[in-house]
Structures are given as structure tokens and as C-alpha cells.
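Peer 1: Letter by letter, the chains look like this.
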Amino acid sequence: MHLSWSKTFFLALILGSALINGCSSQDSREYAHVVPSHFPPMPLPEDHSFEAERVSLGRSLFFERKFSRYEDVSCGTCHVPSLAFTDGLPIAKGTAGRLGMRNTPSLANAGYLPVIFFDGGVPTIERQMIAPFSEHAEFDYPLDSAMMRISEIPYYQEAFQNVFGTQITTYGMSRAIAAYLRTLVSAESDYDAYLKGDERALTESQKRGKELFFSERLQCSSCHTGVLLTDYQYHHNGLFAEGDEDMGRGRVTMAPEDMGKFKTPSLRNISRTAPYMHDGRFATLDEVVDHYAKGQRVHENQDVRIQGFEITPQEKAALIDFLMALTDEDFGND
Amino acid sequence: MKRLIPILSIFLVFTACEDPEPDNPVLRINFKLAYNGQEINLYDEVTDSNGDVLKFETLKIYASDFEMDDKNDLGFPDVQLINFNSSDDRFVELELEPGTYSKLDFGIGLTPDLNATDPVAVPDTDPLSATQAMYWTWASKYIFYKIEGRADTGNGSFDHFFLYHVGTDDLFRHTQELEVNLNLDNGDFRTVDVWIDLANVFEGNGAISIRDEPASHTLDHYDIAEKMADKFVDAFVVE
Numbered sequence: 001m002h003l004s005w006s007k008t009f010f011l012a013l014i015l016g017s018a019l020i021n022g023c024s025s026q027d028s029r030e031y032a033h034v035v036p037s038h039f040p041p042m043p044l045p046e047d048h049s050f051e052a053e054r055v056s057l058g059r060s061l062f063f064e065r066k067f068s069r070y071e072d073v074s075c076g077t078c079h080v081p082s083l084a085f086t087d088g089l090p091i092a093k094g095t096a097g098r099l100g101m102r103n104t105p106s107l108a109n110a111g112y113l114p115v116i117f118f119d120g121g122v123p124t125i126e127r128q129m130i131a132p133f134s135e136h137a138e139f140d141y142p143l144d145s146a147m148m149r150i151s152e153i154p155y156y157q158e159a160f161q162n163v164f165g166t167q168i169t170t171y172g173m174s175r176a177i178a179a180y181l182r183t184l185v186s187a188e189s190d191y192d193a194y195l196k197g198d199e200r201a202l203t204e205s206q207k208r209g210k211e212l213f214f215s216e217r218l219q220c221s222s223c224h225t226g227v228l229l230t231d232y233q234y235h236h237n238g239l240f241a242e243g244d245e246d247m248g249r250g251r252v253t254m255a256p257e258d259m260g261k262f263k264t265p266s267l268r269n270i271s272r273t274a275p276y277m278h279d280g281r282f283a284t285l286d287e288v289v290d291h292y293a294k295g296q297r298v299h300e301n302q303d304v305r306i307q308g309f310e311i312t313p314q315e316k317a318a319l320i321d322f323l324m325a326l327t328d329e330d331f332g333n334d
Numbered sequence: 335m336k337r338l339i340p341i342l343s344i345f346l347v348f349t350a351c352e353d354p355e356p357d358n359p360v361l362r363i364n365f366k367l368a369y370n371g372q373e374i375n376l377y378d379e380v381t382d383s384n385g386d387v388l389k390f391e392t393l394k395i396y397a398s399d400f401e402m403d404d405k406n407d408l409g410f411p412d413v414q415l416i417n418f419n420s421s422d423d424r425f426v427e428l429e430l431e432p433g434t435y436s437k438l439d440f441g442i443g444l445t446p447d448l449n450a451t452d453p454v455a456v457p458d459t460d461p462l463s464a465t466q467a468m469y470w471t472w473a474s475k476y477i478f479y480k481i482e483g484r485a486d487t488g489n490g491s492f493d494h495f496f497l498y499h500v501g502t503d504d505l506f507r508h509t510q511e512l513e514v515n516l517n518l519d520n521g522d523f524r525t526v527d528v529w530i531d532l533a534n535v536f537e538g539n540g541a542i543s544i545r546d547e548p549a550s551h552t553l554d555h556y557d558i559a560e561k562m563a564d565k566f567v568d569a570f571v572v573e
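Residue numbers (my numbering), protein chains in the order written: chain A, 1 to 334; chain B, 335 to 573.
For reference, chain B alone in the conformation it holds in the complex (with noise of 0.2 Å):
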């Protein structure tokens, strides 16, 4: 034990004189809900542009593949779960190294890679466990997307059920290169709000119709799942 001693000394000695690592800077993306333009709450009422009265009450989304200025090897998470009903599952840090980045985009969705992921193999806390019921088990594949909520059409009643459960390997899109402009230092704590507009997907041209387009659980209407797919990436803004 004696001759021990020494050898541990010197050990102890070149770990403790090693520099430590520097504080790598860190941006949080905050992903907050709008409707044309102005900030929402889920079961929020907002007024569509055919005067219909909308209520959403579910918008969870998986994001991944994250990249700043096309870099992503650096200390990205795989993916996140983006939980608009849960209030701690809003945000994502993404941490960079110093420089200057101008654009960050990332996956809608799961890469290929992450949607063969098994929800059973993974822990309870992960964000692909088959806890967070984000997985159509029957088909072996994540939903991607869930957007669900209810409307008023005109006769005073929310009975007007909608919902887009959106899925599958050809359905993952990136989002369009978000412009951030930032300057990072070592030790720099930065956030960057990302806003989900839905009007971009409920309004305008080759919009989403809720009156006649109000369901797809992507096999069964696949033609939404795809529309719905391609005008998601329009929610997604940064002002």
C-alpha cells in the first residue's frame, strides 16, 4: 500500500494540472406558439380567415438533425420532443463552439436512423420511449407530428373535431434555414425564440382546410399527411 502511495500522488498531480475544459457557449432555442403573428396558448381561441373559431389542444412535435451554418457534430442533441402540452418540454440547447453563426435548421420529424428506433429498448425519460405515445405500434414507425384540436364553424359549438397525426420516412422535412446572427464567446449563454405559426399551415394559399381536409392519421388520408407535411415548414419562424 505504501508503494502505492507515490504512484497515486503523481497520477493526482497530472489529472489536477490538466486545463479544464473551457465552457463551450450554449444557445437555447425557445419554441414558442403563434397565430398570425400573435403569441397563443394551447386551447387558445383564434379566428381563422373563413371566421371559424379554432381551439388547439395538442401539438407535440419531434425535432432532430439539428444543424448550425450545416455544422452538427458538435454537443446537439439527437432529438427532442417539443411538448406544447407539457410546460417544461419547450426548448432545446444546442451547445457550439465560438464563432459566428447565421443559420440553424433542423428535421421536423425523425431521421431515418431515429425512427427505427425501438420505443421498448430505450429508458422511460427518452424522448423515443413508447411512453410519450408518439408511436404507432402497428406500423413500427413514430408519429412525427401530432396537431389535434376543435372548431367552431358557426354554430356556436367546438364540435368540429380535427387532428394530424403525421408519420413515415418519406414525410420528414427540414425546416427552411432559420436566420439567427449570432456571435458566441466561450461561456455565452444565448437563447434564439423559435415561433411555430399555424396560420402558415391553416391560411393562404395551398392551406390546410379544417372544414374539408380534418383528419389524417397519414396511411389513412396520405394526401393530407403530405400537404400538411410541406406547409409545416412554413410554421416554423424566427423573427
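Isolated chain A, as found in the complex (with noise of 0.2 Å):
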């Protein structure tokens, strides 16, 4: 095969812009997201990308208040990046101070949640994302209204059509927020040092607490478990005696054993996230370990591990100490 001078130079071009535009597409459109040596590999639907434009995204979505009826919240209202993700509260509030069901979740590791919400009943970041617009105590708002109301802002129509091709849709906010949601790692406390290898990441105290929490008179590790510390099952911790309103995931399966269970939080950060509880009801974690330390039984779905045990004033001391180490001073500073 011979080709001319000219037409060997704009094969030439064709190919060379070819792979310039492949390696800055690599480059630009890639988020720099890496899940740490010492996590379990994160599982990821088919159709999820951490491209830079679609967590961006997810970001503003995550942050836009016009999905509430008032205009007045947003996901970010609840899950407030320098607490973890977290609010403060007791029980979350939703558009015009709403008072919701619950304590506010971390969204810290999202990404590893098996389900959502305490009582499991979602089972994908992205079908979680059309929950607060039907909650009378979050957004208040219908979708297809909120939708509307994005549309109205360029930047919006810009996104949507860069990222997924369409106008804006359902199944794109879903993603985008999911993505961003996924970006949400948080790996870097001085626990995580140590677990790589930095033994004077810790102090002495806190390697006491952390003997007494992995022991087994204290049993927290038994569902505070793996690096993620959770085991994502449900348990029912001795919150509630019989009759109690709040069904935990016996709401979503209506069954008597599941009756008052609530899922396992990781531990990831818990000096950001008071209060504790899905209820909100303990303010310090001094009084999250006096509940177990009491242990007192009231419900016959209670969790067996839940007996109770002894604690010294100075061991308590060196297990929240412990638990201070969990924090990743930099996770929510974006």
C-alpha cells in the first residue's frame, strides 16, 4: 500500500489527536479516587463511574436545597461534612424544622454499605437517593417538582448533558449523587497508621483501649468488627423494652425476631457523630459505654453479647481514648 506525503501526514494527525484526546480523557475526566491498601476492595454497580464531572455533580446535588419544599434544606443539611457526615442532633430535622424518625446516619465509607438506612430497608446509595423527597420530615417534595426546579438553572442542563447525554433524570441524579457518596472515604485516622504498620501512632492508652475493645469481657468488636468496624447485621442492643414505637428492621420485615434490631454504625470517627444511638438518646460516649456496661435485659430479641461486664474508671477512660483514634482529622475538609 502507498500513500501520498499529504495523506500519510492527516493519518497522521487523525492518530496522534486520537491519542492526545485519549490520554487527557484518561487524565481530566478520571476522579483521583483510590480506596486504601488496608480496605477491602469497594463494590461498584456496573453503570458507576468516579468520573471528575459526575461527582461533581453528585457534590451539587448533594448540597442543592431546592429539592426541599421550602428551599430550606438539603442532603448536606443532615450529613454536614466536618461532623462526618452527621448533624448533631438527636433526631434529624427536615424541611421547616421537621422533627424525622431518626438519628442522622455518617455517610463515612458509604460506599461499603451493604443496605441503607438503620433498619436496612434500601438496598442501593442509588435508590436511597428518592427517599427524602416523599418524607414528610426531609424534602417534602415530589420529585418530578423538584426536577423542575433544577431544570431552571443551567448549570444543571450543562452537567447532565456532559455527564450522561440526557436532560435531567432520575436515574442521573441517582448515579451522581451515588458517585459522589462513593467518593466519601475516610481512612486516615491515627487507628488506620497503626493498622499500617505505625506503632507509635497510638498512644499507650489508647493500645489499652483497643485491647479492651477487641477483648472478649467487652465484646464490642464482636459486631464493631474488620477495619471498617461494623458487621452490618442487625442487633438488637437493650435500647428498647417491649412495646417501644420504633420497630428497627422489623418495620421492613414485619418479623418478630427482627423486632426492635437496629444495623450496626461503623465506629469510623465517633468523636465527630454524637449523639449515639439511632435515637439520638446518649450524648457522650461515657454514657454509650454505661449502657453496656450495665447491660440490663429488656427484650427478648436482645442481642446475647449484651450481658453486661466490669470497667474500671481508668479502663473506660482507655477505651474512649481508643475510640478518639478513630478520627481522620481531614475527612469532611473539602
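Worth flagging that the hints you see were computed from the coordinates, not collected in a lab. Backbone N, C-alpha and C define an ideal beta-carbon position, used for all residues, glycine too. Treat the hints loosely; a few may be bogus.
Said to hold, decoys possible - Chain A is faced by these chain B residues, among others (derived, beta-carbon under 10 Å): (1) L408; (2) N417; (3) F495.
Said to hold, decoys possible - Capping the alpha-carbon separation at 30 Å, the derived lysine-lysine pairs in DSSO-like fashion look like this: (4) B:K475 x A:K294; (5) A:K294 x A:K316; (6) A:K66 x B:K475; (7) B:K480 x B:K437; (8) A:K93 x B:K437; (9) B:K480 x A:K66.
Claimed, not checked - Pulled from the structure, derived: some chain A residues nowhere near chain B, Cβ distances all over 10 Å: (10) H48; (11) S56; (12) D87; (13) F117; (14) T124; (15) D190; (16) E199; (17) L212; (18) L239; (19) M254; (20) S271; (21) F282; (22) D290; (23) E310.
Quick one: dock chain against chain with the hints and give me the complex.
Peer 2: Put into C-alpha cells, the structure is as follows:
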């Protein structure tokens, strides 16, 4: 095959352009998302992408107040970055200050959640996105009306076209927000440094607290297990007696054996996520430890491991010291 | 390119010679609202046998699993959202084979397969889209139907609210077999009116009492939802 000089030049130009575009596409479009070496692989659905513009769009949607009836709250109102994406309140507040149902869970490492909510009623982050719209004490605004509202904002029109090649859609909204949430990886605490081999990352008190945390006597780690410090299972932890309001997992399954059970939360960043428990009843970690130390049996579904334990004031201080070491100081500082 | 022309010509000739598909007959089912045999619209006032004045304000129903004489493999939609709060969504069209049909029935709600649909994975125009506001996110299930309204129970004010949101696989029901008696030929377009007579739910034996059983989101008052599921079957009639 013989090509003239002009044809050769033209082909080279196209090839070179394609290569340059390909490289720049890789460099500029992919979000710099790295799963820490001591974390398990993050499960990702097939249509997930960490493309920068998708994540950025998801972040904008996450903080968009136009989604709520009175344009006064967004996802980020309850999930405040500086509080490890919680809100510091016992019970979340939605539009017009309406009191919700439960304490706001942290979104740290949300990409690892096998199910969403304390009761596990939602199977994916993508699907969770639609929940606040229909909830009276969250956005309380129809999803289609909310989409109409943001369609008046040129940024969203352009971003959806660029990322999804469509107008604003539920599909796109859910995928963009999910992409952003999966970037909320928290893995830079002193405990992480210790896990990666830095023996000096924990103080002596924290090391004693760690021993207690993983001990047979206290059994904290039998539920708060693994590097993510949760088993993602449902347990009745003795907070509720018979006849109390919140059915927990039982609300989803209606099974008697699930009544009053709640999914174990991760303890990462726990110094920032007070108050504690699904109803925010404990203001301090002191109170939390006291509850488990007491171990009073109040419900037939109560986890058998919650039987109470003896703990000295020094041990309690060390345990809480260890819990402080689970704080990732850089997390949420974007 | 020149060599392609004869090939393309032959392809076009063969394509052109294929018989056109005959136009299958189409049956349009119009859904109409009634109370005690009288046609009503949402927000009309109707008086029940207790003397209470009712105003129905929301009626949205999923219909699925359509069957004509026990056949369901023709041009039937998987699901239709019958929405009386929208003037455009009160009918469904079924494409049929020519022939004689005597019975129509369909599911009130969603089959378990449809109930497992991901509402954020379908287009926003789909009946199962999250934009239809017929999904319980917390339970990952669809609301099969919503019946909402207000009643004046004697004090001159419509201050007694009633609300029935019924769902879950266990409460999926089929209509009774509705007699239609149709003889359809190719090209036919016929209509059948299916009436939803709410008096069959709120009046008579085993009726839902708007006064005593005013609300159910299914799982909070499952007994009422189950009763509603059973009674709602009686509401669908063909005159």
C-alpha cells in the first residue's frame, strides 16, 4: 500500500489527535479516587463511574436546597461534612424544622454499605436518593417538581448533558449522587496509621483501650468488627423494652424476631458523630459505655452478648481514648 | 460502490415484497370512577349510607398482568398506572389477535416481579419511575394504589381525613373475570368501560369504615390494608 505524503500527514494528525485526546480524557475525566490499601475493594455497580464531572454534579445535587419544599434543607443539611456527615442532633430535622424519625447516620465509607438506613430497607445508595423527597420530615417535595426546579438552572442542564447525555433525569441524579457518596472514604485516622504498621500512632492509653475493645470481656468488636468497624448486621442492643415505638428492622420485614433491631453503625469518626444510637439518646461516649456495662436485659430480641461487664474508670478512659483514635482529621474538609 | 448497487437493489426488492403486518385489533379499556352506580370525578361530594359526605381526592392504581380469556402473551403492556389525578392516564390499550373474547381480568397492583423493579433504573416516563410517587423507598416496594380523601361526618366541615396506601406482594389481587363479549377483526379499535365503584368498598357487608378505619400505609395497619385489598376487587365492574 502506498500513501501519498499528504495522506500520510493527515492520518498521522488524526492518530496523534486521538492519542492526545485519549490521554487527556483519562487524566481529566477520571476522579482521583483511591481505595486505601488496608480497606477491602469497594463494591461498585456496573454503571458507576468516578468521572470527575459526575462526582462534581453529585456533590452539587447533595447540597441543593431547591429539592426541599421550602428550599431550606439539602442532603448536606443533615449530613454535614465537618461532623463526618452527621448533624449533631439526636433526631434529624427536615424542611420547616420538622422532626424526623432517627439520628442521622454518618456517610463515612458509604460506598461499603451493603444496605442503607438503620433498618436496611434500601438496597443501594442509588435508590436511597429518592427517599427524602416523599418524607414529610425531610424534603417533602415531589421528585418531579424538584427536577423541574433545578432544570431552570443552566449549570444542571449542561452538567447532565455532559455526564449522561440527557436532560435531568432520576437515573442521572441517583448515579451522580451515588458517585459523590462513594468518594467519601475515611481511612486516615491514627488507628489506620497503626494498622499500616506505625506502632507509635496510638498512645499507650489508646493501645490499652484497643485491647479492651477487642477483648472477650467487653465484646465491642464482635459487632464493630473488621477494618470498617461494623458487621452491617442487625442487633437489638437493649435500648428498647417491649412496646416501644421504633420497630427497626422489623419495620421492613414485619418479622417478630427483627423487632427493635438496628444495623450496626461503623465507629469511625465517632468523636464527631454524637449524639449516639439510632435515636440519639446518648450525648457522650461515657453514657454509651455505661449502657453496655449495665447490660440489663429488656427485650426478648436483645442480643445475647449484651450482658453487662465490669469496667474500672481507668479502663473506661482508655477505651474512650481508643475510640478517639478512630477520627480521620482530614475527612470532610473538602 | 457500483458492485453494491445490485445487492442493495435486491435487498430493497425483497424487503418491499414482504406482506405488511396486518393491523391487529386493539381494545381500549377506559377506567371510570363511580359511587353507587353514578359516575363521579375526584372532589365531587357523595353521601354514603351513614350520611357522611365524602370527597375522594386522590386515586392512583397500578394495573398489571392483563388477561383476555386467560391469554396474556399478545401486545399487552406489563403495567399501567391508572391515575385519576391526571386526565391523560385513565386508559390502557391491549393489542389482540382477531377472534372472540368474553372475559377480561387484570392484577390490581403489581406482580412480584414488577414490584421488585428499581425505580431509579427506569426512564422517568415509565409507570414504575420514582417520579410517579408510588414507591416506598424505606421498604423498597411499590404502593399498589392510593385512595385518599376527606369526609364531613356531620359537623359541616371536611375535616375527617382518610388515606389508604396498599402494597406488598401478599396484597396483590386480581379483579374478578369481567364480561366483555367482543368479536374482533383486524383493524378493529374497540373500547370497554371498566368502572371503579368505590361504594363497593365503603358500603355494605365487610365495608371499610371511613370513620373507624380511616388510614393504612399497609404495614402500620395491615389488617385494614388486607381488608381493603379484598374489598377493592369488588370495585371493578363492567356494565
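Peer 1: None of the hints should be skipped; say for each whether it holds.
Peer 2: Do the hints match the structure? See the list:
With a cut of 10 Å, the hint placing B:L408 at the interface with chain A is violated, because the nearest CB-to-CB distance is about 30 Å. Hint on B:N417 is violated. Least Cβ distance to chain A is approximately 13 Å, over the 10 Å limit. Interface hint at B:F495: violated, since its Cβ lies 14 Å from the closest Cβ of chain A, which is beyond the 10 Å cut-off. As the CA atoms of B:K475 and A:K294 are separated by approximately 39 Å, the hinted pair breaks the 30 Å bound.
Distance hint between A:K294 and A:K316 is fulfilled; the C-alpha atoms sit about 13 Å from each other, no more than 30 Å. About 26 Å separates the Cα atoms of A:K66 and B:K475, which keeps this hinted pair within 30 Å; it holds. A distance of roughly 26 Å separates the Cα atoms of B:K480 and B:K437; the hinted pair therefore holds under the 30 Å criterion. Distance restraint check for A:K93 and B:K437: the Cα-Cα separation of roughly 52 Å exceeds the 30 Å cut-off, and the hinted pair is therefore not satisfied.
Taking the CA atoms of B:K480 and A:K66, the gap is near 27 Å; set against the 30 Å cutoff, the hint holds. Every C-beta of chain B lies more than 10 Å from that of A:H48, the closest at about 13 Å, which supports listing it as non-interface. With a minimum CB-CB distance of about 20 Å to chain B, A:S56 clears the 10 Å threshold, and the non-interface call stands. The claim that A:D87 is not at the interface with chain B holds, since no C-beta of that chain comes within 10 Å of its own (minimum 19 Å).
The Cβ of A:F117 does not lie farther than 10 Å from every Cβ of chain B; its closest approach is about 7 Å, which violates its non-interface assignment. The claim that A:T124 lies off the interface is violated: its Cβ sits roughly 8 Å from the closest Cβ of chain B, which falls inside the 10 Å cut-off. Residue-level check passed: A:D190 sits 36 Å from the nearest beta carbon of chain B, beyond 10 Å. Non-interface status of A:E199 relative to chain B is upheld: no Cβ of that chain comes within 10 Å, the nearest being about 45 Å off.
The non-interface label for A:L212 is consistent with chain B: the shortest C-beta to C-beta separation is roughly 36 Å, beyond 10 Å. At roughly 20 Å, the least C-beta separation between A:L239 and chain B is larger than 10 Å, which holds for a residue marked as non-interface. Annotated as non-interface, A:M254 brings its C-beta within 10 Å of a C-beta of chain B; the closest such distance is 6 Å. No beta-carbon of chain B comes within 10 Å of the beta-carbon of A:S271; the shortest separation is about 29 Å.
Against chain B, the non-interface label of A:F282 holds: every CB pair exceeds 10 Å, the least being about 24 Å. With 10 Å as the threshold on Cβ separation, the claim that A:D290 sits away from chain B holds: the shortest Cβ distance comes to roughly 31 Å. Residue placement check: A:E310 keeps its beta carbon more than 10 Å from all beta carbons of chain B (closest about 40 Å).
Checked against the numbered hints above, the structure violates hints 1, 2, 3, 4, 8, 13, 14 and 19; every other hint is satisfied.
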